[in-house]
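For reference, the chains in residue letters:
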Amino acid sequence: MRKLLVAIALATLPSLGEAQGALSLQGLGYPSGGMSARAEGTGTGVADFDPISLTTPASLASVGSTALFFQYSPEFRSVTAGSASAKTTTARFPLIVGVLPMGPRWTLGLSSSTFLDRSTETNLVRRQLVGDLVTDSVDVTERNKALGAINDVRLALSWAGSPKFRIGVGGHAFVGSNRISFSQLFPDSTRYISTSQTGRISYAGFAASAGLEFHPSRVIAFALAARKGGDLRAQEGDTTIGTARLPDHYSGSITFEGIPGVAVSARAAHDAWSSLSSLSSSNTKAFDAWDTGVGVEAAGPRVLSRLITLRAGARFRTLPFGFNGEKVSEKSFAAGIGAPLTRDRASFDFAIQHANRTAGSGVKERGVILSFGLRVSP
Amino acid sequence: MKLSSLLLRSFATAVLFITVSSCSEDLDSSGVCAVLCPPIGGEVQNITVDAVSFDTTVQSLSGLGAETGLLLASRGDSLDTRVVIRFDSIVSRFTPVGDTAQDIKTVDSAYIQLRLDTLAIKGDGPFTIEAYDVDTTANDTSTVAVAALFRPDRFISSQDFARTDLHDTTKYYISNAVVLAKLQGGAQLRVGLRVTGATSAQIPIFSGESGRTPLLFFRATPDTVTKPLVVVPFSRTPTTDAIVAAHLTDYTVVVKGPPPAPAGVLAVGGLPTRRTYMRFVIPSSIIDSSTIVRATLLLNQISNPALDPTDTVLIVPQLVTAGRAVTDPVKAAQIIADLSGDTVRVVPGNSGLTNVELARALIAWHLQPPDSLPRAIVLKTVIEGISISPLEIRFSPIEDVVAALRPRLRISYTSRVPLRIP
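So the sequence lines, in the order shown, correspond to chains A and B.
So in our numbering, spot 274 of the first sequence is number 274, and the numbers just go up one at a time.
So in our numbering, spot 129 of the second sequence is number 129, and the numbers just go up one at a time.
In short, the hints are calculated from the structure, not lab data.
Heads up, a few of these hints could be off.
To be verified - Listed next, the in silico SDA-like pairs over lysine to any residue satisfying Cα-Cα at most 25 Å (straight line):
{"no.": "1", "chain 1": "B", "residue 1": "K171", "chain 2": "B", "residue 2": "Q113"}
{"no.": "2", "chain 1": "A", "residue 1": "K145", "chain 2": "B", "residue 2": "Q113"}
{"no.": "3", "chain 1": "A", "residue 1": "K87", "chain 2": "B", "residue 2": "G31"}
Here the structure is a predicted model, which means the values were calculated and not measured.
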């Protein structure tokens with residue numbers, strides 16, 4: 001009985017990091033990475049055919065030449081809960097990729113992308129009785145800050161047997177950390193002692209992925225991809241504080257290029273996020289989720305003798321971690337452009353996404369994500 | 001300019017602007033915390049414990065004359081303090097304007113310039129300040145010996161002051177003949193000042209330690225073209241300790257102080273100045289394992305109506321840093337460090353609960369073991385060592401027969417929040 005009471009007490013204890021301050025930042029964070037600005041501009045529809053995106057290793061073979069790619073994606077987010085609201089700006093660098101063709105058939109790629117981003121800060125003011133239980137009521141500010149992310153570092157190899165068929169495999173290392181600080185701030189430093197705690201949770205795990213692309217004709221193509229997750233371990237210092245399985249992932253895509261200068265793509269993916277539930281120590285629930293997107297990419301006008309590519313798309317997905325036991329769904333609409341630079345030795349991609357997130361409650365969240373991608377072929 | 005070029009430049013400018021503006025993160029989403037942020041820190045726990053294991057009143061050993069103030073007071077049967085200023089070396093030669101150095105043969109307009117703390121003067125006046133020759137071959141720091149020298153055959157001079165005559169800088173004229181005799185004889189001039197009057201008088205004077213030292217002025221010639229001579233206080237004794245001698249250039253003699261607190265009662269302040277020493281025993285489950293956010297020493301103040309019962313006295317807790325080797329509380333109470341804590345304002349005539357904030361002491365005790373940092377504090381007045389005040393604050397000790405009146409410690413703490421995955 002006593003053990004049961006202790007277990008109940010531990011389960012109800014608050015812990016650092018529970019105050020997330022946004023629907024998209026529940027649990028281990030927001031899955032922001034893996035897609036290039038090009039893929040984001042098409043609502044992720046083209047992601048499985050994009051050599052810069054990390055959704056499948058097979059697409060690496062279509063890169064054409066050695067490439068380095070770097071992406072910056074700030075998000076401007078507003079959260080509304082009844083009459084209360086908050087606006088934040090999060091600067092992310094979600095993707096860096098290096099691709100190296102090794103002969104006409106083989107391509108090697110090394111990349112790092114943000115898997116789950118958990119950058120948040122909240123200040124909660126609480127009225128507490130500190131001292132005399134009748135007269136000493138003071139406002140205590142609880143400041144909670146978490147910075148950091150779990151990143152997906154992938155080494156992948158792709159083989160193109162023919163223009164119609166590509167296949168690839170990848171090995172993933174999921175590494176990263178969350179730096180957490182928690183302070184209780186009191187108003188009068190001569191009477192009260194403000195407290196501060198800091199900690200760092202580091203993560204490490206492995207996964208493997210495989211993918212294939214099939215182009216039966218010049219107007220249509222299909223892609224399949226899958227990733228099998230291994231164990232993900234969370235540690236504070238040398239102490240393991242939780243383990244879970246990295247979510248299995250699979251996706252299927254189709255692209256149609258029957259209209260000259262236009263490519264229409266669609267993609268559906270499934271992530272078994274619930275496998276991360278065992279890592280959570282609170283009531284945050286992880287849900288298996290679908291991620292679907294459709295988009296179009298079309299040749300646009302020429303500006304300064306450069307052919308501009310125009311993109312648009314929509315994306316519907318469920319985020320990994322729920323709020324109050326409810327799934328958090330995200331609907332995004334995106335647009336973007338792509339432009340070659342310096343005689344096609346570099347290119348610039350830009351995408352803007354407008355996302356609405358809801359969780360079946362009175363809380364609503366909107367995010368505007370800008371993505372700037374620069375690809376250089378040395 | 002071509003339209004395409006204009007579009008490209010506009011787009012590049014917009015990208016640059018957005019990039020720069022988004023570089024500074026603003027992650028604070030506190031606005032919706034009422035809904036999205038569950039409390040993390042848990043509730044603050046408050047407990048009150050009988051943590052004081054030992055308490056006593058000890059004398060402050062700051063040293064005679066070490067204060068930056070002197071107190072000249074006469075308050076009936078309650079208080080009689082006098083001031084001694086030592087001019088153990090007086091110049092005996094001077095140089096008139098347009099002439100050569102020569103021996104001083106006359107003294108004119110001799111006065112001691114006193115710097116007064118006029119805001120702290122008590123009494124409406126008029127006041128009479130008498131000067132006596134307190135030079136002696138007896139123990140020259142003995143209160144009894146020095147007080148005995150304030151007698152008619154030692155009388156030097158007297159001067160009456162209305163309250164309005166007492167300014168920040170006040171001239172106290174003394175006998176020219178006495179000054180001349182002392183300088184010609186190569187003797188020490190040690191002036192003892194006493195105030196008398198029909199009503200109570202209490203006149204604070206700045207001492208040499210404050211930088212506003214009393215000075216002796218006199219003219220060696222009636223010729224006003226020649227500037228007056230200035231003599232700075234100086235003490236030849238004790239010959240073995242220059243620092244103590246420097247303190248003794250001017251000091252206060254407490255002939256009669258207010259009645260001390262009854263035995264067993266804790267006292268802070270008064271004349272001579274005293275401190276309260278307290279040692280604590282705090283449960284290790286609190287001091288070692290919890291996060292202390294507040295600690296308050298709850299004291300029961302006992303009314304002391306003897307002198308100025310409605311005046312305000314500032315008390316400050318200090319951390320005792322004397323190590324294990326110092327077992328005598330009197331000595332341990334002199335080895336202290338500032339806590340940067342809250343100053344307590346108390347009124348001597350009041351009684352009842354007085355709170356002294358001690359959170360910073362507990363933080364220090366949490367960081368260091370009792371062997372190196374004893375769990376002890378001292379309560380002292382803020383002005384101790386700075387000025388002299390007869391006001392004394394009294395508190396109930398742990399031996400008080402009424403348990404509720406004994407010193408107690410109220411501790412507010414939180415448990416350490418576990419670092420876990422959300």
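So, going through the hints one by one against the coordinates:
1. B:K171 x B:Q113: The hint holds at about 5 Å.
2. A:K145 x B:Q113: 63 Å, violated
3. A:K87 x B:G31: It holds: about 8 Å lies between the C-alpha atoms, which stays within 25 Å.
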